[in-house]
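Novice: Using the UniProt record's numbering, you'd call the opening residue of the sequence shown number 1 and step up by one each time.
Don't take each hint at face value.
In silico SDA-like links for lysine to any residue, alpha-carbon gap of 25 Å or less [said to hold, decoys possible]:
(1) Lys76 x Thr43
(2) Lys76 x Asp66
(3) Lys76 x Val95
(4) Lys76 x Ala56
Simulated restraints on C-beta separations [claimed, not checked]:
(5) Glu100 x Glu29: 34 to 40 Å
(6) Glu53 x Gly78: 36 to 42 Å
(7) Val3 x Ser55: 19 to 25 Å
(8) Asp16 x Asp98: 34 to 40 Å
(9) Lys76 x Gly41: 17 to 23 Å
(10) Phe26 x Leu77: 20 to 26 Å
(11) Ala69 x Asp16: 25 to 31 Å
(12) Val3 x Gly27: 38 to 44 Å
(13) Asp14 x Leu77: 34 to 40 Å
(14) Ala109 x Asp16: 24 to 30 Å
These aren't lab readings, by the way, just hints derived from the structure by calculation. The C-beta atom is built at its ideal place from N, Cα and C for all residues, glycine as well.
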Amino acid sequence: MAVNLGYYTISVRDLDRAATFYAGLFGWELSREHDTYLHAGNTAVPMGLTRGEPSALPNLYYQVDDLEAAVELVGKLGGRAGEILESRTGRFALVHDDQETSFSLWQPAA
Numbered sequence: 001m002a003v004n005l006g007y008y009t010i011s012v013r014d015l016d017r018a019a020t021f022y023a024g025l026f027g028w029e030l031s032r033e034h035d036t037y038l039h040a041g042n043t044a045v046p047m048g049l050t051r052g053e054p055s056a057l058p059n060l061y062y063q064v065d066d067l068e069a070a071v072e073l074v075g076k077l078g079g080r081a082g083e084i085l086e087s088r089t090g091r092f093a094l095v096h097d098d099q100e101t102s103f104s105l106w107q108p109a110a
């Protein structure tokens with residue numbers, strides 16, 4: 001099974017300030033999805049900004065064809081998964097590998 005990076009988010013404290021900064025720096029066209037999230041509509045890999053504590057690294061979402069099967073496999077391999085959530089762009093779940101490294105799985109919307 002080939003798995004590619006399908007989405008990523010950057011965590012920032014202030015979405016409005018981040019929108020001004022990243023739009024000015026990269027020309028990202030950001031649209032507000034809800035009060036804690038902005039989606040960038042003009043990037044090669046889909047991405048967005050999420051309100052939270054800043055992180056040195058983005059949250060990576062690996063694209064899968066069957067989210068339920070992938071979440072189940074995480075558990076079988078000794079990891080753990082959070083609940084499956086939905087957004088306009090698809091369904092996703094935060095997961096941890098068997099050493100507590102976190103990343104997300106993402107199944108794009110139809």
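Novice: Quick check: does the Cβ-Cβ distance between Ala69 and Asp16 fall within 25 to 31 Å?
Specialist: Hint violated: Cβ distance 39 Å, outside 25 to 31 Å.
Novice: Is 24 to 30 Å right for how far apart the beta carbons of Ala109 and Asp16 are?
Specialist: holds, 26 Å
Novice: Could you tell me whether the CB distance from Glu53 to Gly78 stays inside 36 to 42 Å?
Specialist: The hint (36 to 42 Å, Cβ to Cβ) is violated, given that Glu53 and Gly78 are roughly 27 Å apart.
Novice: Does Lys76 pair with Asp66 here, judged by a C-alpha cut-off of 25 Å?
Specialist: Holds, because 16 Å separates the two Cα atoms, which is no more than 25 Å.
Novice: Could one say that the CB atoms of Val3 and Ser55 fall in the range 19 to 25 Å?
Specialist: holds, 22 Å
Novice: Using the C-beta atoms of Lys76 and Gly41, is the stated range 17 to 23 Å upheld?
Specialist: violated, 37 Å
Novice: Lys76 and Thr43: Cα distance at most 25 Å?
Specialist: violated, 34 Å
Novice: 20 to 26 Å was suggested as the range; check whether the CB atoms of Phe26 and Leu77 agree with it.
Specialist: Since Phe26 and Leu77 have Cβ atoms about 36 Å apart, the given range 20 to 26 Å is violated.
Novice: Is it true that Glu100 and Glu29 lie within 34 to 40 Å of each other by Cβ?
Specialist: The hinted range 34 to 40 Å holds for Glu100 and Glu29, with Cβ atoms some 36 Å apart.
Novice: Would the pair Lys76 and Ala56 pass a check requiring their Cα atoms to be no farther apart than 25 Å?
Specialist: Violated. Lys76 to Ala56 sits at ~30 Å, over the 25 Å cutoff.
Novice: Keeping to a limit of 25 Å between CA atoms, is the pair of Lys76 and Val95 held or broken?
Specialist: This hinted pair holds, its Cα atoms lying about 13 Å apart.
Novice: Given the hint of 38 to 44 Å, check if Val3 and Gly27 actually sit that far apart at their C-beta atoms.
Specialist: The hint (38 to 44 Å, Cβ to Cβ) is violated, given that Val3 and Gly27 are roughly 29 Å apart.
Of the numbered hints listed earlier, those contradicted by the structure are 1, 4, 6, 9, 10, 11, 12.
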